[in-house]
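With chain A's structure known, arrange chain B on it following the hints.
Number of protein chains: 2
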Amino acid sequence: MISKKMLDLGTKRSVIRDIFEYGNKLAKEIGAENVLDFSLGNPSTPAPREVANTIKYMVEGLSPKDYNSYTSSAGDTDTRLEVAKNLNKRFSTDYTDKNIFMTCGASASLNIIFKAIIESDDEIIVNIPYFPEYKVFIEGQGGKPVFAKCSENLCLDISEIENKINENTKAILINSPNNPSGVIYPKENLSALTELLERKQNEYSHPIFLISDEPYRELVFTDEKPEFLPNLYNNTLVAYSWSKSLSLPGERIGYILVPNKVKNHEDVFATVGGAARVLGHVCAPSMFQYVVKSCVDVEPNIGVYRTNRNILFKELLKMGYTVANPDGAFYMFIKSPNNDGYDFCERAKKYHMLLVPGEGFGMKEYVRLSFCVETKKIEKSIDVFKKIISEYDGEK
Amino acid sequence: MISKKMLDLGTKRSVIRDIFEYGNKLAKEIGAENVLDFSLGNPSTPAPREVANTIKYMVEGLSPKDYNSYTSSAGDTDTRLEVAKNLNKRFSTDYTDKNIFMTCGASASLNIIFKAIIESDDEIIVNIPYFPEYKVFIEGQGGKPVFAKCSENLCLDISEIENKINENTKAILINSPNNPSGVIYPKENLSALTELLERKQNEYSHPIFLISDEPYRELVFTDEKPEFLPNLYNNTLVAYSWSKSLSLPGERIGYILVPNKVKNHEDVFATVGGAARVLGHVCAPSMFQYVVKSCVDVEPNIGVYRTNRNILFKELLKMGYTVANPDGAFYMFIKSPNNDGYDFCERAKKYHMLLVPGEGFGMKEYVRLSFCVETKKIEKSIDVFKKIISEYDGEK
Chain A
1 MISKKMLDLG TKRSVIRDIF EYGNKLAKEI GAENVLDFSL GNPSTPAPRE
51 VANTIKYMVE GLSPKDYNSY TSSAGDTDTR LEVAKNLNKR FSTDYTDKNI
101 FMTCGASASL NIIFKAIIES DDEIIVNIPY FPEYKVFIEG QGGKPVFAKC
151 SENLCLDISE IENKINENTK AILINSPNNP SGVIYPKENL SALTELLERK
201 QNEYSHPIFL ISDEPYRELV FTDEKPEFLP NLYNNTLVAY SWSKSLSLPG
251 ERIGYILVPN KVKNHEDVFA TVGGAARVLG HVCAPSMFQY VVKSCVDVEP
301 NIGVYRTNRN ILFKELLKMG YTVANPDGAF YMFIKSPNND GYDFCERAKK
351 YHMLLVPGEG FGMKEYVRLS FCVETKKIEK SIDVFKKIIS EYDGEK
Chain B
1 MISKKMLDLG TKRSVIRDIF EYGNKLAKEI GAENVLDFSL GNPSTPAPRE
51 VANTIKYMVE GLSPKDYNSY TSSAGDTDTR LEVAKNLNKR FSTDYTDKNI
101 FMTCGASASL NIIFKAIIES DDEIIVNIPY FPEYKVFIEG QGGKPVFAKC
151 SENLCLDISE IENKINENTK AILINSPNNP SGVIYPKENL SALTELLERK
201 QNEYSHPIFL ISDEPYRELV FTDEKPEFLP NLYNNTLVAY SWSKSLSLPG
251 ERIGYILVPN KVKNHEDVFA TVGGAARVLG HVCAPSMFQY VVKSCVDVEP
301 NIGVYRTNRN ILFKELLKMG YTVANPDGAF YMFIKSPNND GYDFCERAKK
351 YHMLLVPGEG FGMKEYVRLS FCVETKKIEK SIDVFKKIIS EYDGEK
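Chains A and B supply the protein sequences, listed in that same order.
For the first sequence, counting from 1, position 36 maps to 36 in UniProt numbering; every step adds exactly one.
For the second sequence, counting from 1, position 192 maps to 192 in UniProt numbering; every step adds exactly one.
Some clues are possibly wrong.
One copy or two, either will do: identical chains are not told apart, so a pair holds if it fits within one copy or between any two.
Said to hold, decoys possible - Below 25 Å or equal to it, Euclidean Cα-Cα: the simulated BS3-like pairs (lysine-lysine) are:
hint, residue 1, residue 2
1, K28, K65
2, K65, K293
3, K65, K380
4, K144, K4
5, K263, K89
6, K261, K4
7, K376, K65
8, K12, K261
9, K5, K263
10, K25, K98
Calculated from the structure, these hints are not laboratory results.
Just chain A, same shape as in the assembly (with noise of 0.2 Å):
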């Protein structure tokens, strides 16, 4: 009667929204200041000012007709010049309106690349760890996800990766920084990526494209930015969103770079479209893309995300935790001291401290913590990963 596979994703929710259900569960119970809820990645900081300015400026000055009008599915022309016009800015490209295709934020923007580029029987590689809906669109736009182990540092593992690849490999999905890591990938990593990928292509005679998820691009705590991928590998694809970047997840606001240098770029945008279309997306929010012109070069704020990062990976490193090195984003990937990450999880939430196990990712030793809340609840949960890492001393 209705689609089985369908109802299954809707009533197998995420984990992670479980848990959040949860907390909010919890919040009511024992009040919202002693629960410890690190379960999404909501941003705590809110949207820069100049968000808010560029909409009062919208409401006050403009008629409604110049902005709650229909774009083109592609998106408005100027807005799409300005993202590009940034893009050139800062990483040196000649991108135009015609290698922007703006969308309703990551998650459309990778269901319509993954609808635009699969075709039957090809394979899509994902890097271990990964976020969970990877599998869900891949599958839901009919490729077969297959993952690849990473490195002991949570890199990219390039010989797993070649073993992975064949001749129905479309596309490799890259995320960095990554989520539920916060590891950026190095140059040289991706460099020996981008040259195996080059090598297959040519064994195999047709594009692999190189597909990079990017919300957290501009969440990075060190001095060296990571690499802008489309100028390591021609065959590059770019599914961006501000959600993380300037504090807007439920607004729904993204884009697809599809380069010059991708193989019949033409045609890959033209896919696009048509993919956008099937998918019911007639076009982006049209406020948000004008706010999006106006805040394109606007830095986000990730002065709370430093603070909490840097307390807690040097408290956990203290204490004996393994944890990876969380150059960007704003989660942190700690390892469960008996390799079991839902035993940990179990044991926070006596603490009222919620956390998400490894598995969804792809690594069940490990869970994720997102540090995208108040510093206050970071200084109050160093004292629980104590307690939490005594029980494991005391049980060995």
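Frame of chain A; chain B shown alone:
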């Protein structure tokens, strides 16, 4: 290398959009005031002032986190409750937030519904004349559209529909007030349909959904309001959008209604959630969810549309044109005197009047005119219509 189907959908763009682009080009050459562009359904009436006022209140009085954050995937609970209350008041129903799933507009609503209900070999009956994207949407979600001819007065032809129903029929799609005709299906016509559907459900022992696409529900020029289909038939799913009623086409905000009377309604609602997830819809744009919460009772301003409709309908009938009775929406469906809509559009083009040929809507004898424009343009068009009909008369 890429999906040929998506490339096709991205390159063979909608006829309506192509005419619209031509109109923009022409406007640059001869001045916008000299182009009678009746191609697109982009509301000429701006959003009511309550919308801008609500937004102003938000950006001045609230923290951005109150309106820019993720909502639950089905939408903000209070917004859904307000939508439900509005429906309950007008249609004597008893909906709650649990019946309303907020979406990115009608295209999203329809695609999500199709993705949720379509299983292999499923057929969806579409009534002629119809919005051309229905075909794209149904096929895109794996279904087979089956087109049913209309009666002479452009209403539902019940025996034609009966002939099209078979054991693979999953749903029938209704759009009243209709795009492109403006026709509102009368109660007897709808009752005959629902009786047929009840009978066929029993015959095939599985539900046949009635999908009601209602973006024009509030744009009605008669005293009698359109029937509310969930009150006539239990297995009704409603796709709604505020694009036309609040003049917010670019903002992408609408909902799906799953009434409790739908068989297994909880499962159907969950399935809608699963389908939204797979189509890349994380949540409807949050700020406009809150706008809708505050503006759900605002009546649309249809004054200009009514004036345009009255002038045009009267004058065209006087000249001898055959025109569907546009009781709602903002379209007029006009029969070409030689039964060739393309020919009529070409003749109109010579006078810089842009109409859409009827073939894409399933009736090649007709042309569609969107009268959501300034009244001045409607007045200017009268002379052009006179010239065209005398051309045809001279050729007899």
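Against the structure, the hints:
Taking the shortest Cα distances, K28 and K65 sit within 25 Å of each other only across copies (20 Å), while inside one copy they are farther apart (42 Å). In this assembly of identical chains, K65 and K293 lie within 25 Å of each other by CA distance both inside one copy and across copies; the values are 17 Å within and 21 Å between. Within a single copy, K65 and K380 get their C-alpha atoms only as close as 49 Å, which misses the 25 Å cut-off; across copies the closest is 23 Å, which meets it. Taking the shortest alpha-carbon separations for K144 and K4, both the intra-copy value of 19 Å and the inter-copy value of 19 Å come in at or below 25 Å.
With identical chains, the CA atoms of K263 and K89 are at most 25 Å apart within one copy only, with a shortest distance of 24 Å there and 56 Å across copies. Within a single copy, K261 and K4 get their C-alpha atoms only as close as 41 Å, which misses the 25 Å cut-off; across copies the closest is 20 Å, which meets it. In this assembly of identical chains, the alpha carbons of K376 and K65 lie at most 25 Å apart only when taken from different copies (18 Å versus 44 Å within one copy). Taking the shortest Cα distances, K12 and K261 sit within 25 Å of each other only across copies (24 Å), while inside one copy they are farther apart (40 Å).
For the identical chains of this complex, K5 and K263 are inter-copy neighbours only, at 18 Å across copies versus 34 Å inside a copy, given an alpha-carbon limit of 25 Å. In this assembly of identical chains, the alpha carbons of K25 and K98 lie at most 25 Å apart only when taken from different copies (18 Å versus 47 Å within one copy).
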